[in-house]
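Starting from the known structure of chain A, fit chain B onto it as the hints suggest.
Going down the list, the sequences are from chains A and B.
Positions in the first sequence are counted from 1; adding 11 to them yields our numbering.
Positions in the second sequence are counted from 1; adding 7 to them yields our numbering.
It should be emphasised that the hints constitute simulated quantities derived from the structure, not laboratory data.
Yeah, the Cβ is synthetic: ideal placement off N, Cα and C, and Gly gets one too.
What you were told as hints is all true, and nothing was included just to trick you.
Straight line, CA to CA, 30 Å or less: simulated DSS-like cross-link-like pairs of lysine-lysine:
#1 A:LYS123 <-> A:LYS69
#2 B:LYS420 <-> A:LYS28
#3 B:LYS420 <-> A:LYS123
#4 A:LYS55 <-> A:LYS123
#5 B:LYS259 <-> B:LYS229
#6 A:LYS53 <-> A:LYS123
#7 A:LYS53 <-> A:LYS90
#8 A:LYS28 <-> A:LYS59
#9 A:LYS90 <-> A:LYS123
#10 B:LYS420 <-> A:LYS53
#11 B:LYS162 <-> A:LYS53
#12 A:LYS28 <-> A:LYS90
Covered stretches of chain B, as calculated for chain A (at least 3 residues, CB under 8 Å):
#13 356-366
#14 377-388
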Amino acid sequence: MSDLQDLYQELIIDHSKRPRNFGSMDDADRTADGFNPLCGDKLKLFLKIEDAVIRDVKFIGAGCAISTASASVMTDMLKGQTIEQAASLFETFHYMITGPKDPQHVGTGLGKLAVFAGVSAFPARVKCATLAWHTMRNAISGKTEAASTE
Amino acid sequence: MITHPATLDVERTAGLDPEVLRRDFPVLHQEVHGKPLVYLDNAATTQKPSSVIDALVRYYEHDNANVHRGIHELSQRATNDYEDARTVVQEFLGAAESEEIIYTRGTTESINLVTASWGRANVGPGDEVLISAMEHHSNIVPWQILCEEKGARLKIVPINDDGEFLLDEYERLLSDHTRIVAVNHVSNALGSVNPVREIVDLAHERGALVLIDGAQAVAHMKVDVRSLECDFYAFSSHKIFGPTGIGILYGKRSVLETMPPCESGGDMIKHVTFEKTIYNDLPYKFEAGTPNIADAIGLGAALRYVNNVGLEGIGAYEEDLLAYATERLAAFEGVRLIGTAKHKASVLSFNLDSIHPHDLGTVLDREGIAVRAGHHCAQPVMDRFGVTATVRASFAFYNTRAEVDRLVETLHKAREIFA
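Next comes chain A alone, as it looks inside the complex (with noise of 0.2 Å):
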């Protein structure tokens, strides 16, 4: 069971069950939906924004232990970080899961992300952990379409 608790850490089974930033905000600047059409994992992000700077960041929505503790755990993050940041942040989340192993590298500068780093064995769930991601890139972009992880 030794890759399933490299799956389920500690950390992803507590942000699950008492997701971090969850609930809605009335005055956001940026709200985006996601969708995983094949599990049907739904969430809905909301982003306060001043200055080019992610002041609040809340969710709503259900979903999996991984893909609950994903937006918990990225929601707790992007607090304080600069939009930029934020798109960096994705790529170097999304990279971690999806790119080549690189052991030397694996949750680098990822802090408490790098937890997450255990999905990459698992190709069926990566979209579980990906949807809160594609989800916040959409809202900095303004997207108005759901992010879909298909």
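Using the frame of chain A, we list chain B on its own:
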């Protein structure tokens, strides 16, 4: 000379011995993530016995040619085997004639053929189409499109909390405007076995036709289209131990003859000039272009295999296995069974605590257990039960009580992880 040896080396005794039958299925004998494979995703697709795999190989190694253009020996053999398979299907379904058996790509295409051909010609503004609340998307969307196009109404027969088709509600919804009723024989998401005979009788009393989606039924119970008196019956080869890419639409000759062709091209014509085309007879009218010859032959081999095992024995064995699995899961703390109809076949849909089905599916997979986790292409069913998804274990005759036990053991592990 083509023969169809049954590879089945089991003696036909009263009971079915899954351990013996498992030898016929090469794919079952492997480890997944270091554990012996437990394949419980049979409602998605079934595994193939050696006799089916051999039939495909034999066709491509010895007989490959186009059909119905039989000047040469190989074409003659291919045509004979392709048409022999059609006769096997005819006998399997109890159809009156092999001309009533149309090859399609699968259940989905069979239903689409009916909506596109019969539907377009027979459904108009103000007409009604009845389906049930437990249909697979493939028996919802084609009817939705038809109704939208024609200004007809799609009405939904409700189900109860056990996932049972409500016959009295159905009777109330039937009207003189009902043109056709389309229901599944067995629900893929719930396992409910529907009272199709009564459904057909009531529809016919009001002059409506009936299409039965038999995708989840044919591998588990004897179907006789003449005693059901249904107008259409659809199923997929890959859900009854045959190859993917081939399926069947049975239609009553009297109905099929009135229907315009759906696709046009070669094989479906008798004579073509630039002014007019004379369509071919049944069933070729509906089989445009070079068909899926190899997989049709593979389907024939699969049905021969099922006939050899015997559907009566399969039904009895699976009923016992499902009862055992249901009992074990019902006794498991935190399990909610979705679909508790009195009459069920080989499907066990459930959720455990608040663990998301995909998380549970991943844990099961790591223990070598293949199940389906998701909405099973039946989102309205999920909505009806207030869930977004379920875990579905679905059985075939090659599954055993020991495999059910491994499923249950792994649920304990999942609880530890997500506790």
